[in-house]
Amino acid sequence: MNEPKEYYSTDEVAALLGLHVRTIRRFIREGKLRATRVGKQFRIAESDLSKLVGSDGETKPARSQNRRRHIVALTTVDIDAVGPAERERLVNLLGGAFKSLDNEQTSRRFDAIYYEEERRLRLLINADLDVTTAVLGMIRVVLEEMENG
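Numbering (this note's numbering), first residue to last: 1 to 149.
Hints were generated in silico from the structure; no laboratory data involved. Possibly wrong hints are sitting among the right ones.
[Unchecked claim] No farther apart than 25 angstroms at their CA atoms in a straight line, the calculated lysine-lysine pairs in the DSS-like style are these: (1) Lys40 to Lys51; (2) Lys51 to Lys99; (3) Lys40 to Lys5; (4) Lys32 to Lys5; (5) Lys51 to Lys32.
The whole structure should be built from the sequences, with the hints applied where relevant.
Structure follows, in structure tokens:
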């Protein structure tokens, strides 16, 4: 891959940009990166790759040396012995707090699943480490307040 190519595979694009191949496939699905399907694989034209990285098309895309590491955690929290009223209160408080956290990350997510028969609330937090840590702290505080009445 020393010479510029006319078309790249998703694996080659991922290696060039220092991204995971799943990210490249997601870019294709979301329309952020134009690709042509050849059989079961995608091929990305150099011109489309250049558009993605903001290049003028004359230089080969290179892996960014100034890229900051970004860590995202998917955390599952199960809380037992939660009644329907407590579930509603917890989800509203924590969901609102999650949305209000000032963070530039756009792909963060907070979901809640309630298992009525088991009276179990499952919280799913998908966010960077700082936001995840803040939400876990909020869960602790809210549960302590609910227990102390």
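Against the structure, the hints:
no. : hint           : verdict
1   : Lys40 to Lys51 : 24 angstroms, holds
2   : Lys51 to Lys99 : 32 angstroms, violated
3   : Lys40 to Lys5  : 20 angstroms, holds
4   : Lys32 to Lys5  : 20 angstroms, holds
5   : Lys51 to Lys32 : 9 angstroms, holds
In summary, the one numbered hint that this structure violates is 2.
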